[in-house]
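Use these hints to put chains B and C onto chain A, whose structure you have.
In case you want the letters, here they are:
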Amino acid sequence: MLNRVRLIVAVALLATIASLTVAQDDPIVVRVWTGSSSPVENEFKETQVAAFEEANPDIDIDLLISPDYGTQIRAAFASGDYPEVFTVGQFDFPTWQNDGLLALGNDNIENADDIYAGLRDAFSADGNLYCPAKDFSNLALLYNIDAFEAAGIDLPTEDWTWDDMFAAAEATTTEEMVGFSAAADKFRWMAFFYANGAELFDEDGAVAFDSDVAIESLEFYQSFVTEGFGALPGDLNAGWNGEAFGQGSAAMTIEGNWAIGYLNDTFPDLNWGVAELPIAPSGERGTLTFAECWAVSSRAEGDLADAAWRVANFFTNEEGATQVAEAGFGVMPARTSVGSLWLETIGEQYSAFVDGAEYAIAPIFPLGFADFDAAANEATQLVMTGEEDVADALEEAAEVAREIQEEME
Amino acid sequence: MAEANASRPTKANATSRQDQKQADAITGLTLVAPAVIIFVVFLIVPLIMALYFSFTNWSGTRPLDQPDAYEFVGFDNYERWVVDGRRVDDFYRAVRNTVYYVIGVVPIQTALALVLAVIVNQKWLRAKSFFRTAFYFPSITSSIVVSFIFLFMFSTGGPINAVLDAIVPNYENIAWTTNNDGIFHLLIGNFGITEDTVGLWAEAEIFDIEVWDWIAGPSVALTTIMALAVWTTTGTLMVVYLAALQGIPSSVYEAAEIDGASGFEMFRGITLPLLAPTTFFVITVGLIGTFQVFDQIYVLQNDQTARTTTSVAYLVYATAFEGTSPNLAEASAIAIVLFIIIFIATILQRTFVGGDQANT
Amino acid sequence: MTNQTSQSSEGMSTLRRILGILGFGFLIFFAIVQITPFVLTIANSFKCDAAVENRPMPFIPTFNTVSCRDDAGEFISADEQVNGIFFNPSLDGYRRILTDQLPRWTFNTAFLSIVVTILRLIFDSAAGYSLARLNYVGNRAIFFLILGTMMIPGVVLLIPRFLLLKEMGLLNTYQGYIIVLSVDAFGILLMKQFFESIPKEIEEAAMVDGASRFTIFARIVLPMATPALTALTIFSFQGNWNNFMDALIILGGNADLYNLPLGLTILRGSGQDIQYDLVLAGSVITTLPMAVIFLFFQRYFVEGVSYSGLKG
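Chains as they are written, first to last, in my numbering: chain A, 1 to 409; chain B, 410 to 769; chain C, 770 to 1081.
FYI, nobody ran anything at the bench for these hints, they're computed from the structure.
You may find that some hints are simply not true.
[As the list claims (entries may be wrong)] If you anchor each label on the Cβ, the simulated ranges turn out as follows:
#1 Asp428/B - Thr995/C: 45 to 53 Å
#2 Phe799/C - Ala575/B: 51 to 59 Å
#3 Ala987/C - Glu731/B: 47 to 55 Å
#4 Asp164/A - Phe855/C: 39 to 47 Å
#5 Ala613/B - Phe1065/C: 53 to 61 Å
#6 Val572/B - Thr995/C: 36 to 44 Å
#7 Asp107/A - Glu731/B: 32 to 40 Å
#8 Asn599/B - Arg786/C: 38 to 46 Å
Note that the structure is a prediction, hence the values are computed from the model and not measured.
Glycine is no exception: its CB is placed at the ideal position from the N, C-alpha and C atoms.
Pulled out of the complex, with its shape left as it was, chain A reads as follows (with noise of 0.2 Å):
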């Protein structure tokens, strides 16, 4: 008994002393808070920071995943004591930026034109890049393959048009499935929106939210609905368009790269497959896109600002990315050259995802117009369950715009 006691004390002695010497430089601590994902994710967040603490002996990283990011990162903000390296959605980016939390990137940011222009700007403000994508979601059209094979069509094309898509939903409509699964949500139909040459606002800063090419837009997103082509996902007993997707119900939908690994996991039967959103009458293409970026805190200081700054970019730089695309999960990296690495891991046939990166628009509403964003809300609500029709739906959304600029100016 007594001789464990003294072993005890021994040992207590020596690891003191060990963490005294130690502690002569001091690795240099960087805290890092994201949010949870999914769980093959998680771990994957997991291993890079195991991987960056072992490249660097110098900086030890203290990451916590939170369980509701969104309030939690808001409490430490409002505290002023937040971590050094944090992430930042693409719609929180405007006021996070504007409240004076992120750190200018520009020059810190390693290799930042390989980023596609799209992630580029999404996290930019006045001409300045704040922050590295870490990875990205893009919208396609997924269709099944069964459902086009029994209606006897062809699949989804290179040059299929809106008209293309019209006549496929038509043909696929059958007692127990529609052709289209289209949610009442302004970031669906607003792929179509961007690709038909509308923008919220035009070259002169007004408001183009209730221009022709936007009101024909919703209107054909619509017409699969009012035709009886399409419906709503909660009108096919789902909670969302992958869903209704997945069941069968639909036999094409518009959503992400995050339905890759619900769809092969919940519906490993199902036979689908994905092109890109078809060509608007404007003749261009359009998609949104959906990032994240790892932002350094403006707090972040000296030696702890060049260790933030050196964590954020081994997370998100050429071989950052390229572990994001071995680990190949739903999201894909944020660099064009490893895009194609992606698709090897994760397979040639999600490539319409990758693709529109190309051309693909973060939809975000700029500082200040909360409320516009919120009618852009309502208006798509009232247009997709027939309370209103489309023109006066998108006018009323854009006065609320217009209303704000005046009140700005």
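This is chains B and C only, laid out in the frame that chain A set:
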């Protein structure tokens, strides 16, 4: 318990009564002190902070130690949401939905909880533990499971519609989870009353919402959520009643039984009056709780039904944490208004429903 | 439904018996309705994602267990797991939940729930008694203050409370969580309303015998309040066992202090790709303890603990 039986009269003199009063006050304040301290520090102080922020333009993310963290904007946030700003229609639509929710849920959950409690408290009932636990189960079922069950049970081809189809002649499947039609509109629609036939008054607008829409009644989708809410909360309230029922001396029932009272007569004549304070309590907390309904809506609504199901508390959440520019100051303003609404409703309830129980 | 009398005519008693049986049948039906969702939860927690989506929903497990991924690492389809109303259970969901952190989360949850519940039993009943029975200046004001705290949507208090706890150095500590949650308005009102229903005569009698108010509260009134204390125990335990938001704000910065709701949320991840087996296995292991607690404590809802000798 021995002391309790001895109830002999005494002559207490004035001084000891005075002492007693003082002693009571000291004991009373001591006993309530821990609760008051904790409430003041962790609820009242944050509440005052929220009230303070509601008069600023603080985003909620800009660090408060920054000199430019926020500016005072007076009543702007209130005006914007509650008086005549751009969001008043959203606010009052949420108020309408919430009020329908409260009116629908509170009476039903109270009555159902009472009935269940009385049943599982019966002496003759076999397997009491089983029934009690069974009836309590929905209260402990996690919200994810609840939403999963909800989508399954109420799906167009699901069990609820199947059962109704079997019972009701010429039944047409109802889209329970997505239908935005108000049930009052549907009801009067059967008699041919529509917005076009009732007259122009229906098109008048109060706070940017047409009178016709104000009186729509809860939408089918909201009604479905309400049914589910009743299902999940009844168990909890049943336990409150169950506890209260133990306080009714069995001698009272025995006496009534000798007088030949029937079961129902005893329920109405003895149980109900003796449970009045509990009922009052259950209604009060039910009212306060349902006015703040958030979880159920958050889990069960979808894009399609947002307009007819969003509650005020949900709006507070969405304003604080979601969308393009989340704004804690505005969210706080809405929350303070909700606080005032609940406060008034509680006072009204205590005055009109409470009757002589107003002290409880 | 209240079937208590004995001496009636022959016909009456037969009718009553039939009604009784019908009533009992209805009760059983209703009980089954109430439990079914949980039974389905258990059944589905043993299914791979594909089988969860299968309709009609099979609910009887066989003895052949399967793995959700085949040898090639692909997910198996519903047909490989489902056969009519039977299905081959998979333990994958439970296996994935059994991480090295699960014991820690469980310990934190149990520890915090038990400590908070004990404190609430003390503080809530003390405050409830004070408000119900003792007259002093400010009694009503305090009552409305407590009632008022229930009326504000908690969402807007999260960040102010976080700032406050930070100032006080209570963030990311057990103490912080315990102190903040050691009283609750619902519990106080519950106790208050119960104490008010106890006849005053009992206390008056004790007072005549010279007992102090505190003694009366601790020795006489509190034991009589067993049913209410039981209810309070059940509610408090359940509330803390499932507490996500307070735990997030107070303990969120230190993963070692996470409770089950926080831990399982991380495990489950976010996004559209719901992993049903994992989610449902999680809700089974969080729901079961509560069901056991309820089953245990509901025994204390027994009539006649109290003052039956007294004339109401």
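Exercise. Can you give the numbers of the hints that this structure goes against, from lowest to highest?
Worked result: 1, 2
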